[in-house]
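S.K.: Protein sequences, first through last, are from chains A and B. According to the numbering used here, the stretch in the first sequence is residues 1 to 113, in order. According to the numbering used here, the stretch in the second sequence is residues 114 to 228, in order.
No wet-lab data here; the hints were simulated from the structure. Quick caveat: nothing in here was measured; it's all calculated off a predicted structure. Where a beta carbon is used, it is the ideal one built from N, C-alpha and C, also for glycine. There could be a bad hint or two in this list.
[What the hints assert, rightly or not] To give an idea of the interface, some chain B residues facing chain A are shown, with a C-beta separation under 8 Å as derived from the structure:
#1 129
#2 202
#3 218
#4 221
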Amino acid sequence: SQTIHQWPATLVQPVGSPLSLECTVEGTSNPNLYWYRQAAGRGLQLLFYSVGIGQISSEVPQNLSASRPQDRQFILSSKKLLLSDSGFYLCAWSVWTGDGKLFFGSGTQLSVL
Amino acid sequence: GENVEQHPSTLSVQEGDSAVIKCTYSDSASNYFPWYKQELGKGPQLIIDIRSNVGEKKDQRIAVTLNKTAKHFSLHITETQPEDSAVYFCAASILRGANDYKLSFGAGTTVTVRA
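Take the sequences, apply the hints, and build the full model.
M.R.: Quick look at the structure:
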């Protein structure tokens, strides 16, 4: 069966520090991968998605970037965090042949202070 | 692009009563409609989905209905229990072909089941 791992679960970082969140998927090949952000009490905002290694699409302009160095690894990064980067970050995957069904990771609660 | 509206934003029900969440979508080409449940501090989990060639789908205490003409779909939870308390998200997707789709999410409904 397929599983998705996301870490760390919580992270407290000072303003201006770098960020690296990692997500890996097991049990499937060539998945589509996604990063979502969720502000407190708010909905799901798609940040990035990837249909293959090295292929990244950005949905909104921001202080973040994403990379996909391996088929089942997706990384969210920032060189200098802003207060507004605080939120709950979710990695997700879907089958590349696509029926639209998304499977989410457990999330990372990021607090930028 | 697709716009999904979800109502109500909060819903409080007595244990054992039913809960109904409604969503509307804008793009008539949308053909896949999943519902997700998110418990506090966790990622959303798919609980039920429906495709446009089906009007209703049921899985134990939860059911989803779809009205393509009116472009709305609803989640029904019967005999609510405290563990049903969570945030629920609806979504709509346009499936244009293999690997060509995108989910648009509603803003979420916070459901509280009172014991």
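S.K.: For each hint given before, does the structure comply? Return the numbers of the non-compliant ones in rising order.
M.R.: 1
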